[in-house]
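Chemist: Residue numbers (my numbering), protein chains in the order written: chain A, 2 to 160; chain R, 2 to 160.
Keep in mind that the hints are not guaranteed to be accurate.
Just so you know, same-sequence chains aren't split out, so a pair can sit in one copy or run between any two.
[Said to hold, decoys possible] Within a straight-line C-alpha distance of at most 25 angstroms, the following computed SDA-like cross-link-like pairs (lysine to any residue) qualify:
#, residue 1, residue 2
1, Lys80, Arg55
2, Lys4, Pro56
3, Lys24, Glu49
4, Lys72, Tyr137
5, Lys80, Glu54
6, Lys122, Tyr87
7, Lys30, Lys122
8, Lys72, Asp94
9, Lys29, Thr96
10, Lys75, Asp60
11, Lys89, Met46
12, Lys80, Pro56
13, Lys14, Asn131
14, Lys29, Glu70
15, Lys14, Asp94
16, Lys80, Gly68
17, Lys80, Phe53
18, Lys72, Met2
19, Lys80, Ser52
FYI, nobody ran anything at the bench for these hints, they're computed from the structure.
2 protein chains.
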Amino acid sequence: MKKVKVESLVLDKLNNSPVVILKVEGTKKILPIWIGACEASVIAMILENVSFERPLTHDLLLSMVEGLESKVEKVLINKIVDSTYYAKVILRDLTVTEEENEGYFLEFDARPSDAIILALKTNSPIYISNELYNTYTLQYDGESMDNDSEEFRKFIENL
Amino acid sequence: MKKVKVESLVLDKLNNSPVVILKVEGTKKILPIWIGACEASVIAMILENVSFERPLTHDLLLSMVEGLESKVEKVLINKIVDSTYYAKVILRDLTVTEEENEGYFLEFDARPSDAIILALKTNSPIYISNELYNTYTLQYDGESMDNDSEEFRKFIENL
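Using the sequences and the accompanying hints, generate a full structural model.
Modeler: See the structure below:
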């Protein structure tokens, strides 16, 4: 498992699809993940510190997780099948105190976009599997990847 | 409290905004609620029985609620403040067996769109408060409200 952070959000001009760029900590390796427009707009709001008065869907999810005495522990983007990335959100059950207890952690199948949003909103770590690291990351030696941000903002504003 | 059901999804042509139409059971009263495009696309998928291979955000939320031994009991659209509708999602804690226990039900502040989506996905009842019923519902004696659906589909497809 390799820890990653969200480097930026860019636009794939070929199909007008948003792409979130994950950067593997301590390396120049990046992993691009194509995501939906709705999830991209949420990630853009987080990255630009834009808040919204009413709870968005992920805020509602997190208030329920908290209300049910649990918390987001970490997220893992673990595999790719038929060009689709899969992720897991791992919750810690705060009502269980023994680490040995099998109920301590709960895993949920998720899209990477949702997993990344939950990690960003809770400051939880994001990991990718070694398989993804070895096979799907790209070397990136260029300049900042933010050069598409103006274009991306326009895309989001037109939703 | 009045029980409502989702009558249809239409498009407000004035500002190109989706509107979900709730109909009060046993009456000809409707309550229109303006919602976001992303939430509208989820409601449209539910109403048209379109399924998606990967879990959408509300599916992830519901799998967490279930994993944390809870379930959606009902949703209530309870008030309007500064032209914004407010809702509550009420969860039942399945680990608590005594109805008297104060932990039996948990209430979460939500946007009506999220609340409606969760109710539709779990076949849970949707209510509106008496205040909304008395002040904000409209009498509707016309034909089916589905006549905008083709237009609405085009709007959603262009997202």
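Chemist: Can you give me the call for lysine 72 and tyrosine 137, within, between, both or neither, at a CA distance of at most 25 angstroms?
Modeler: neither (30 angstroms within a copy, 38 angstroms between copies)
Chemist: Given identical chains, is lysine 75 near aspartate 60, meaning Cα to Cα at most 25 angstroms, within a copy, between copies, both, or neither?
Modeler: both (17 angstroms within a copy, 19 angstroms between copies)
Chemist: Have a look at lysine 80 and phenylalanine 53 and pick one of within, between, both or neither, based on CA distance no larger than 25 angstroms.
Modeler: For lysine 80 and phenylalanine 53, only the inter-copy Cα distance (19 angstroms) is at most 25 angstroms; the intra-copy one is 32 angstroms.
Chemist: Please work out whether the CA atoms of lysine 24 and glutamate 49 approach to 25 angstroms or closer within one copy, between two copies, in both situations, or in neither?
Modeler: Result: close within a single copy only, 18 angstroms intra versus 39 angstroms inter.
Chemist: One pair to classify: lysine 14 and aspartate 94, alpha carbons no more than 25 angstroms apart. Within, between, both, or neither?
Modeler: neither (42 angstroms within a copy, 46 angstroms between copies)
Chemist: Between lysine 30 and lysine 122, at a C-alpha cutoff of 25 angstroms, which is it: within one copy, between copies, both, or neither?
Modeler: within (24 angstroms within a copy, 40 angstroms between copies)
Chemist: When no copy is specified for lysine 80 and glycine 68, does a C-alpha distance of 25 angstroms or less occur within a copy, between copies, both, or neither?
Modeler: Classified as between: cross-chain Cα gap 22 angstroms, same-chain 30 angstroms, threshold 25 angstroms.
Chemist: Under a CA distance limit of 25 angstroms, which applies to lysine 14 and asparagine 131: within one copy, between copies, both, or neither?
Modeler: The answer is neither: 29 angstroms in one copy and 50 angstroms across copies each exceed 25 angstroms.
Chemist: One pair to classify: lysine 4 and proline 56, alpha carbons no more than 25 angstroms apart. Within, between, both, or neither?
Modeler: between (29 angstroms within a copy, 24 angstroms between copies)
Chemist: At most 25 angstroms between CA atoms: does that hold for lysine 29 and glutamate 70 within a copy, between copies, both, or neither?
Modeler: neither (38 angstroms within a copy, 42 angstroms between copies)
Chemist: I want to check one pair: lysine 80 and proline 56. Are their C-alpha atoms no more than 25 angstroms apart within a copy, between two copies, both, or neither?
Modeler: between (30 angstroms within a copy, 15 angstroms between copies)
Chemist: Within a copy, between copies, both or neither: where do lysine 80 and arginine 55 come within 25 angstroms Cα-Cα?
Modeler: Answer is between: at 13 angstroms across copies they meet the 25 angstroms cutoff, but 34 angstroms inside does not.
Checked against the numbered hints above, the structure breaks hints 4, 9, 13, 14, 15 and satisfies the rest.
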